[in-house]
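**Q** Given next are the chains, with one letter for each unit.
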Amino acid sequence: MTITAEVRSILLAEDNPHDVELTQAVLAQHHLANEIVVVRDGAEALDYLFRRGPYASRGPSLPAVVLLDLKMPKMDGLEVLKALKADETLRSIPVVMLTSSREERDLIESYRLGVNAYVVKPVDFQAFVDAVRDLGRFWAVVNVPPPEGRGA
Amino acid sequence: MATSNFVLASPHRLAGGLVAGLGLAALVAWALGAEALTAIVPGAIAMNPLTAIGFVLAGFAVAGIGTSYPGAREVALACAWAVVAGGLGGLVHRSLGVGPALDLMFFPDAVAAATPPNRIALGTVAGFTLVGLALVLAHRRRDWPRAQVLAILAGLVALVTWCQYIYAPVTDPAPRLVAPVALSTAVGMALLVAGLLVAAPHEGVMRLLHTGSASALVARRLLSAAVLVPVGLGWLRLMGERAGAFSTEVGVALTVAATAGMLVFVVLWTATAVDRAETRRRDVEDALRAHAREVDDLYHNAPCGYHSLDERGMFVRMNDTELGWLGYARDEVIGRLTFADLLTPEGRARFAETFPRFKATGEIRDIEFDLVRKNGTTFRVAINATAVRDERARYVSSRSTVFDITARTEAARRIASLNADLAHRLGELAHINGELEAFSYSVSHDLRAPLRHIAGFASLLERHAGTLDAKSQHYVQVIVESAQTMGQLIDDLLSFSRMSRAEMTRRPVALAELVGEVRRDLENDIDGRRVVWRVGALPEVHADRAMLRVVLRNLLQNAVKYTRSRDEAVIEIGAADDDGGDSVVFVRDNGVGFDMTYVDRLFGVFQRLHRAEEFEGTGIGLATVRRIVARHGGRTWAEGAVDRGATVYFSIPRHTEGA
Numbered sequence: 001m002t003i004t005a006e007v008r009s010i011l012l013a014e015d016n017p018h019d020v021e022l023t024q025a026v027l028a029q030h031h032l033a034n035e036i037v038v039v040r041d042g043a044e045a046l047d048y049l050f051r052r053g054p055y056a057s058r059g060p061s062l063p064a065v066v067l068l069d070l071k072m073p074k075m076d077g078l079e080v081l082k083a084l085k086a087d088e089t090l091r092s093i094p095v096v097m098l099t100s101s102r103e104e105r106d107l108i109e110s111y112r113l114g115v116n117a118y119v120v121k122p123v124d125f126q127a128f129v130d131a132v133r134d135l136g137r138f139w140a141v142v143n144v145p146p147p148e149g150r151g152a
Numbered sequence: 001m002a003t004s005n006f007v008l009a010s011p012h013r014l015a016g017g018l019v020a021g022l023g024l025a026a027l028v029a030w031a032l033g034a035e036a037l038t039a040i041v042p043g044a045i046a047m048n049p050l051t052a053i054g055f056v057l058a059g060f061a062v063a064g065i066g067t068s069y070p071g072a073r074e075v076a077l078a079c080a081w082a083v084v085a086g087g088l089g090g091l092v093h094r095s096l097g098v099g100p101a102l103d104l105m106f107f108p109d110a111v112a113a114a115t116p117p118n119r120i121a122l123g124t125v126a127g128f129t130l131v132g133l134a135l136v137l138a139h140r141r142r143d144w145p146r147a148q149v150l151a152i153l154a155g156l157v158a159l160v161t162w163c164q165y166i167y168a169p170v171t172d173p174a175p176r177l178v179a180p181v182a183l184s185t186a187v188g189m190a191l192l193v194a195g196l197l198v199a200a201p202h203e204g205v206m207r208l209l210h211t212g213s214a215s216a217l218v219a220r221r222l223l224s225a226a227v228l229v230p231v232g233l234g235w236l237r238l239m240g241e242r243a244g245a246f247s248t249e250v251g252v253a254l255t256v257a258a259t260a261g262m263l264v265f266v267v268l269w270t271a272t273a274v275d276r277a278e279t280r281r282r283d284v285e286d287a288l289r290a291h292a293r294e295v296d297d298l299y300h301n302a303p304c305g306y307h308s309l310d311e312r313g314m315f316v317r318m319n320d321t322e323l324g325w326l327g328y329a330r331d332e333v334i335g336r337l338t339f340a341d342l343l344t345p346e347g348r349a350r351f352a353e354t355f356p357r358f359k360a361t362g363e364i365r366d367i368e369f370d371l372v373r374k375n376g377t378t379f380r381v382a383i384n385a386t387a388v389r390d391e392r393a394r395y396v397s398s399r400s401t402v403f404d405i406t407a408r409t410e411a412a413r414r415i416a417s418l419n420a421d422l423a424h425r426l427g428e429l430a431h432i433n434g435e436l437e438a439f440s441y442s443v444s445h446d447l448r449a450p451l452r453h454i455a456g457f458a459s460l461l462e463r464h465a466g467t468l469d470a471k472s473q474h475y476v477q478v479i480v481e482s483a484q485t486m487g488q489l490i491d492d493l494l495s496f497s498r499m500s501r502a503e504m505t506r507r508p509v510a511l512a513e514l515v516g517e518v519r520r521d522l523e524n525d526i527d528g529r530r531v532v533w534r535v536g537a538l539p540e541v542h543a544d545r546a547m548l549r550v551v552l553r554n555l556l557q558n559a560v561k562y563t564r565s566r567d568e569a570v571i572e573i574g575a576a577d578d579d580g581g582d583s584v585v586f587v588r589d590n591g592v593g594f595d596m597t598y599v600d601r602l603f604g605v606f607q608r609l610h611r612a613e614e615f616e617g618t619g620i621g622l623a624t625v626r627r628i629v630a631r632h633g634g635r636t637w638a639e640g641a642v643d644r645g646a647t648v649y650f651s652i653p654r655h656t657e658g659a
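Read top to bottom, the protein sequences are chains A and B.
Mapping to our numbering: the first sequence position 3 is 3, numbers consecutive.
Mapping to our numbering: the second sequence position 288 is 288, numbers consecutive.
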């Protein structure tokens, strides 16, 4: 097993500042060393991933995992997911839908577009903590990503 | 076979043939000098050669009646003319002494040698004249009435001869006319007359004998009586006088009385027969009139309109029903109005197109028109018609039925309007449902986010426990719990709303298997408690499996929850069939029960009969149960008593083969 020593980032696309704060707090509490990059809508998420606009000058490394909120301004989570999975390079990045919605059609549509996991944010805080912690651990630490620049 | 049929079907051919044969035989006899043979009885008069020729010609002419051989008719007619010529010639010569003596022209020596000389009789030439004319009329003009009357006259002439032979010895020439008629001639003449009369039994006066009616029967009987009775009476008188039984005066008197008596009898008998026939006819006429009245009533008072149009589209007939609808009197319509006159301009254009088509095809089906009443108002009708045609298949008139379909049209219009309305409402409903869904979606998403934040930040605050005193910690705890409760409420409410809207897929569901699954799900809730399950025989029902699972889960969960205080919980599940196609399923427990006073609230949304600190819950479970069961067409109800357990029932369609 070759575990990359390189610290890889977690991209969190979330428009609600409270959710951002809660998620950051939980990840920090559990010492997930990865750098958390927060973008506030779907368009910004794509700018980051495709290195354009304000992110044109960032390094070429890809995030270990993308946590996508379903409902965001400008461009929602499903659209970001679609754009991501359509790209030859980016499609290998694991995407987790992190959402309040239990609506079945969102679930079905997400899996149709190739999401890697779908997590309903629980109201119960402890459950939320557990979910975010497990996500962070699994995708950012345990999971072995495909070699850089190649498809999964 | 063919020949016998030919003769039987045309007995006149047989008669004609016999007569011609007779004539030919006589001529042969003359030629051989054996003319005495033609007298039949030794010592009687022989047949004159002219008579024999007349028989040959007339026999051919009779046999030729109705023939279809080419040229045969012309030959037969020529024969007939020859007979007339010979007859007339003989008649003129024998009565007036003018012209050639035709009867002496053939075999003159032999004829002259006879004693007395064999001259043709006046009766014979008169008979040939009549028969010849009758044949000409029959052949040339098919004038059977006259031909038959002439034949009958010829028959009467022959009767004179026959009577002479009956009343006096055949060989006694004394009482005869100047030149007596030979016996063989009398036979031949009788055959000719008979042949002429039977040649066309359905024409002229002969028709009267063949109609099969009472008059034919009477005529047949009277005719034979009219001939035979006078002959017989005359013979009796003659015999009596000759025997000296009575004088001539007495003989005449007796004959007159007998004849009168016979006539009286015949008249009375005929009158009786005619009266009987008349009565029968009247009965038939009465029956016909009654039938006609019935048909008339059917026509005029039928529940639909009837009319007939001639080839111009003019009314030739219309029944009372239709006249009543239109508000016209019969004489305002018949022969005065055309169908087009009763139509709107639009209908008139259509009629101009359909009427010629109808006359050509002879049928038209369910053509709709608006008819204009006399008062100007209109009503909608459906017309069906067939055509009456003459023997050359030309259109004569229509048989049209007219149905008033105003009510039907109006009903159809209303149905269409109601359907449109319904479609509109359905559209609205779909729109409202869509909005409701959007609402549920935002509730699910947007309402839960702030709750999560409340719970989340309160929990974070709790972790800084050192900075809070006990009371503050309690407050934080309440905030966290309340947020969680509200989250649960929102989830339950969404589930309730989803159960109301979700599409149902009904399939056969084995209830026993589903109960088993739900019981396994609930094992965590039981968690070491003593629970006795009594599951009876459960049917297969026709339902949406996922929804039915929600129902059972709610009911069993409640049973487990409300028996929590019992040392041993007893939960019974059973079913029974009702009279309709439903099964009634019940879940009974020995738990805390409820007060029947509040049974109505049991199935309401957010309605609870227990305090939250006794039994947790949102008060949506039974409302969801009722909603799902109602969507399956079933009912829900409950029985219980405080501290004595509760039973919840629901009915659901049974699965039947082919359902």
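FYI, nobody ran anything at the bench for these hints, they're computed from the structure.
Just so you know, even glycine gets a beta-carbon here, dropped at the ideal spot from N, CA and C.
Treat the hints with care, as some may be off.
[To be verified] Listed next, with one range per pair, are the computed distances between beta-carbon atoms:
#1 B:A407 - A:Y111: 36 to 44 Å
#2 A:R112 - B:L489: 50 to 58 Å
#3 A:R133 - B:A438: 28 to 36 Å
#4 B:D527 - A:R58: 26 to 34 Å
#5 A:R112 - B:T647: 43 to 51 Å
[Said to hold, decoys possible] Stretch-level coverage of chain A by chain B, calculated; a stretch enters the list once three of its residues show a Cβ under 8 Å from a Cβ in chain B:
#6 57-68
#7 107-117
[Said to hold, decoys possible] Covered by chain A, per the in silico footprint, the following chain B stretches (three or more residues, Cβ under 8 Å):
#8 276-286
#9 470-484
**Q** It remains to establish, for every hint, whether it holds in the given structure.
**A** Status of each hint after checking the structure:
1. B:A407 - A:Y111: 36 to 44 Å: 59 Å, violated
2. A:R112 - B:L489: 50 to 58 Å: Since the Cβ atoms of A:R112 and B:L489 sit about 31 Å apart, the hinted range of 50 to 58 Å is violated.
3. A:R133 - B:A438: 28 to 36 Å: 34 Å, holds
4. B:D527 - A:R58: 26 to 34 Å: 52 Å, violated
5. A:R112 - B:T647: 43 to 51 Å: 45 Å, holds
6. 57-68: Our answer is that it is violated, as 0 residues pass the Cβ test (under 8 Å) against chain B, missing three.
7. 107-117: violated (count 0)
8. 276-286: This one is violated; 0 residues, fewer than the three required, reach chain A with a Cβ under 8 Å.
9. 470-484: holds (count 3)
Going down the numbered hints, you'll see the structure goes against 1, 2, 4, 6, 7 and 8, while the others check out.
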